[in-house]
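**Student:** Sequence:
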Amino acid sequence: MATYVIGDLQGCLTPLMQLLEQIQYQPEQDQLWFAGDLINRGSESLETLRFIKSLGSKAKVVLGNHDLHLLAVSYGHGKLKKGDTLAEILTAQDRDDLMAWLLQQPLCHYDSTLNTVMTHAGIPPCWDLETTQSLAKEVENKLQSDTVDEFFATMYGNTPNKWDDQLTGSDRLRTITNYLTRMRFCDENSALDLESKEGISTASKGYAAWFNYPSKIPNECHIVFGHWAALEGITQKKRIHALDTGCVWGGSLTALRLDDRQRFSTPCTINRKNS
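Anchor point for the sequence shown: position 258 equals 258 in UniProt numbering, and the numbering is continuous, going up by one each time.
There may be inaccurate statements among the hints.
[Unchecked claim] Capping the alpha-carbon separation at 27 Å, the derived lysine-lysine pairs in DSS-like fashion look like this: (1) Lys-60 / Lys-216; (2) Lys-237 / Lys-162; (3) Lys-60 / Lys-137; (4) Lys-205 / Lys-237; (5) Lys-197 / Lys-237; (6) Lys-58 / Lys-79.
[Said to hold, decoys possible] Just the calculated beta-carbon pair ranges, DEER-fashion: (7) Ser-196 / Gln-262: 25 to 33 Å; (8) Glu-198 / Thr-131: 25 to 33 Å; (9) Lys-58 / Asn-141: 34 to 42 Å; (10) Cys-221 / Ser-196: 26 to 34 Å; (11) Gln-236 / Gln-22: 42 to 50 Å.
Note that these hints are calculated values from the structure, not bench results.
Yeah, the Cβ is synthetic: ideal placement off N, Cα and C, and Gly gets one too.
Could you build the full structure based on these sequences and the hints that come with them?
**Tutor:** See the structure below:
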């Protein structure tokens, strides 16, 4: 039995199937983790979502910003953007089942046996493991509540950009969500810069990649994340693993085998749709 963490799919089912063949995936034995952004930009978003859902308990998923964007649009909040490939999902016969399944997925997954924690964008320097799990759960509880519509109505936005335990209501949930699904750069006080999206060298003055600050996560715990294709899978940190290698942008799709930290990748073989 092996556990593989796979980076951002973004609607690229064909490369995923090629990657699973490469690692000789055994459905009855192996487990797959997906680091969020299952859909959008790639041309197989609907098929990708259906496949991951069909894996049932053999898949562990955390929500990414594109997954939340799909949900927000489905609830009537937010609009489809140029380049989005979500229309096919939104008009699918099984749309409601797919949305219900997405709403049940967490923002953080931790496995104590493998001593590994996964979120889509990473973990800010100001949070320890217990805090991360607890705050992620606050958003998850809202997503699975009767008032989920309120969350999507106020989800978008870059403020507040710094964590404060005293935050309440929509500001609190938006800030947690931004840390876990949109973070790249922050300052020494974990204040976010959500405008800069390129490589580490493009950081604004006073900001750096979140993983270049001292972490409150135990040293023996590994962190796996996606979201940041410009890193090309490199953090220079032995226990912090970037897995978005830009498949949808013509890069590759990457899997990390947690049992021995070996990486596998397959080139992109699918075109990105433009709209």
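**Student:** Taking 27 Å as the top limit, are the C-alpha atoms of Lys-197 and Lys-237 close enough?
**Tutor:** holds, 20 Å
**Student:** Given a hint of 42 to 50 Å, does the C-beta separation of Gln-236 and Gln-22 actually sit inside it?
**Tutor:** With a Cβ separation near 26 Å, Gln-236 and Gln-22 fall outside 42 to 50 Å, so the hint is violated.
**Student:** May I ask you to test the hint 34 to 42 Å on the CB atoms belonging to Lys-58 and Asn-141?
**Tutor:** violated, 25 Å
**Student:** Hint check: Lys-237 vs Lys-162, CA-CA at most 27 Å. Holds or violated?
**Tutor:** holds, 24 Å
**Student:** Please check whether Ser-196 and Gln-262 have a Cβ separation lying inside 25 to 33 Å.
**Tutor:** With a Cβ separation near 32 Å, Ser-196 and Gln-262 satisfy 25 to 33 Å, so the hint holds.
**Student:** Given the hint that Lys-60 pairs with Lys-137, does the C-alpha gap stay at or below 27 Å?
**Tutor:** Satisfied, since the Cα-Cα distance of roughly 16 Å is no more than 27 Å.
**Student:** Regarding the pair Lys-60 and Lys-216, is the alpha-carbon distance no greater than 27 Å?
**Tutor:** This hinted pair holds, its Cα atoms lying about 24 Å apart.
**Student:** So does Glu-198 sit 25 to 33 Å from Thr-131, Cβ to Cβ?
**Tutor:** Roughly 29 Å apart at Cβ, these two residues keep to the hinted range, so it holds.
**Student:** Taking only the CA atoms, is the gap from Lys-205 to Lys-237 under or equal to 27 Å?
**Tutor:** holds, 22 Å
**Student:** Are Lys-58 and Lys-79 close enough, with their CA atoms no more than 27 Å apart?
**Tutor:** Violated, because 32 Å separates the two Cα atoms, which is more than 27 Å.
**Student:** Given the range 26 to 34 Å, decide if the beta-carbon distance of Cys-221 to Ser-196 lies inside it.
**Tutor:** Distance hint for Cys-221, Ser-196 holds at roughly 27 Å.
In this structure, the hints that do not hold are numbers 6, 9 and 11, in rising order.
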